[in-house]
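Protein chains in written order, with the working numbering: chain A, 1 to 234; chain B, 235 to 471.
Since the hints were made in silico from the structure, they are not lab data. Check each hint, because a few of them may be wrong.
What the hints assert, rightly or not - Far from chain B by the CB rule (all over 10 Å, computed), these chain A residues:
| no. | residue |
| --- | --- |
| 1 | P100 |
| 2 | Y130 |
| 3 | G172 |
| 4 | G199 |
| 5 | I216 |
Said to hold, decoys possible - With beta-carbon atoms standing in for the labels, derived distance ranges:
| no. | chain 1 | residue 1 | chain 2 | residue 2 | range |
| --- | --- | --- | --- | --- | --- |
| 6 | B | G398 | A | A42 | 31 to 41 Å |
| 7 | A | E6 | B | S367 | 56 to 66 Å |
| 8 | A | L225 | B | D245 | 50 to 60 Å |
| 9 | A | G199 | B | T364 | 48 to 58 Å |
| 10 | B | I335 | A | S88 | 27 to 37 Å |
No experiment lies behind these values; they were computed from the predicted model shown. Beta carbons: idealized from backbone N, C-alpha and C, even for Gly.
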Amino acid sequence: MSDIYEGLVSAFWLVVTLDPDLVQISLRSLQVSLTALFIASAIALPFGTFLAIRRFRYRRLAISLLNALMGLPPVVVGLIVYILLSRSGPFGVLGLLFTPTAMIIAQVIIITPLIASITHQAMRELWAEYHDLLISMNTSSGQRIRTLIWDGRRNLLTASLAGFGRAIGEVGAIMIVGGNIDNATRVLTTAIALETGKGDFALALALGFVLIALAIGINICIHWLSRTEREGRW
Amino acid sequence: MNTILPLTLTDVSVRRRGKRLLGPVDVIMGSSGLTMILGPNGSGKTTLLRVMHGVERLSGGKVEWSVGQDEARHRQAYVFQTPIMLRRTVADNLRYPLNLIGIARKEIEAEIVEWLARIGLTPRAGLQATRLSGGEKQKLAIARALIRKPDVLFLDEPCANLDGAATRDIEALLQTALSNGTRIIMTTHDLGQARRLADDAIFMLRGLLHEAGPADAFFNAPQTAELRAFFRGDIIT
Chain A
1 MSDIYEGLVS
11 AFWLVVTLDP
21 DLVQISLRSL
31 QVSLTALFIA
41 SAIALPFGTF
51 LAIRRFRYRR
61 LAISLLNALM
71 GLPPVVVGLI
81 VYILLSRSGP
91 FGVLGLLFTP
101 TAMIIAQVII
111 ITPLIASITH
121 QAMRELWAEY
131 HDLLISMNTS
141 SGQRIRTLIW
151 DGRRNLLTAS
161 LAGFGRAIGE
171 VGAIMIVGGN
181 IDNATRVLTT
191 AIALETGKGD
201 FALALALGFV
211 LIALAIGINI
221 CIHWLSRTER
231 EGRW
Chain B
235 MNTILPLTLT
245 DVSVRRRGKR
255 LLGPVDVIMG
265 SSGLTMILGP
275 NGSGKTTLLR
285 VMHGVERLSG
295 GKVEWSVGQD
305 EARHRQAYVF
315 QTPIMLRRTV
325 ADNLRYPLNL
335 IGIARKEIEA
345 EIVEWLARIG
355 LTPRAGLQAT
365 RLSGGEKQKL
375 AIARALIRKP
385 DVLFLDEPCA
395 NLDGAATRDI
405 EALLQTALSN
415 GTRIIMTTHD
425 LGQARRLADD
435 AIFMLRGLLH
445 EAGPADAFFN
455 APQTAELRAF
465 FRGDIIT
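With the rest of the complex left out, here is chain A (with noise of 0.2 Å):
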């Protein structure tokens, strides 16, 4: 109990103070982050509405594929990358590897598949809505995905929070591909497994309440932002 309170403690110190190493190691896990976060969602929710509309041949081959990717192990997505991206590996020579690039295309890939499971479920019960009023106004496949994920935008912000909140505590992938380097590539999480390492619990539990204060903060920006719950029923 004592070290989490002087967990607590520590954490407000660091906070209260603006630490400068807290500072930009905060700034780093967003930027990360909220990059991948953004280039996925741009990949996984339009995939996710087109998986929810389109009939064809592999289509249940590939909701399936996609269920079992939302649990990719982050550690063997890590090491793909890490392969990928290694001097000897195809993608060598763009000279990725240990940069925060390399840790983006490793949430991408871990998340991208979460986000758009979860909006392939949420726009399958719009478009069980819709269908018959878009399908009679003869509205061509884009402007049908385009409907749906603006009319479903409420339900799309959880599946990209979801993205979000398995990014922002993901540790196993950027330590590999990222390497935890000091001013460059350390991140909230690798900086809780390396202060645990180093028997300094105070400051782990510290960095670990400023990540949880964090991502409880981005979600509720998020959710003021869009205005979730203001507009009647949804």
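Fit chain B to the given chain A structure using the hints.
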């Protein structure tokens, strides 16, 4: 502007899982007036309407308009028995079909103002459409269908479960649309409404077109025993 009518159905049939839902049906829909489709539950009224609109897969036969299918699809609209509201405001529900066809913004706003006034929903323009009453939703659904000025409007029992006032408002909307030259084809269970609105009528029974004709003769001198029984209120299957 040329019309997409007449609509010709030739030997049309619909089967699902080995069961015949409709047909074979042959019918020609002329270019004006209101055609009422009547019949007991399960007689094929809605299936016939959906076939005409092109949203039901045919098992046989063909549906032809005087223009190509693509153009015909753009120039007709359909109102469902249970109105489907987009999860948007009342005004945005009216804006949606106009945005689809790419009309200038100024023109869109003018149309929305006019239609909101016509259906009496101006004070509720900013309200979420899903929060309207049943009658208001149906009026909005009809306005959303008519705002594109379709040649043909299909309605599937638009006044089912509505009270007298809402039914009167909807019938007034349909009369205005008729006088503006929109061809209307609708189903109903309400014989009073059928007598009030129909120019001609079709009686469906067991998936077949059982009797059809101009409203006067259809309602006052039915030719078949089944239609006479239907008018008497007997249960026919």
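Status of the hints after comparison with the structure:
1. The claim that A/P100 lies off the interface holds: its Cβ sits roughly 38 Å from the closest Cβ of chain B, which is beyond the 10 Å cut-off.
2. Separation of A/Y130 from chain B is inadequate, the least Cβ-Cβ distance of about 7 Å not exceeding the 10 Å criterion.
3. With a closest Cβ-Cβ approach of about 39 Å to chain B, A/G172 is found to remain outside the 10 Å limit, as its non-interface label requires.
4. Separation of A/G199 from chain B is adequate, the least Cβ-Cβ distance of about 53 Å exceeding the 10 Å criterion.
5. The beta carbon of A/I216 is kept farther than 10 Å from every beta carbon of chain B, the shortest such distance being approximately 28 Å.
6. B/G398 and A/A42 have their C-beta atoms about 52 Å apart, which leaves the hinted 31 to 41 Å range violated.
7. With their beta carbons about 60 Å apart, A/E6 and B/S367 fall inside the hinted range of 56 to 66 Å.
8. Take A/L225 and B/D245: their Cβ atoms lie about 58 Å apart, and the range 50 to 60 Å holds.
9. At roughly 57 Å, the beta-carbon separation of A/G199 and B/T364 lies within the given 48 to 58 Å, and the hint holds.
10. Against the hinted window of 27 to 37 Å, the Cβ-Cβ separation of B/I335 and A/S88 comes to about 56 Å, which falls outside the hint.
Comparing the model with each numbered hint stated earlier shows that hints 2, 6 and 10 do not hold.
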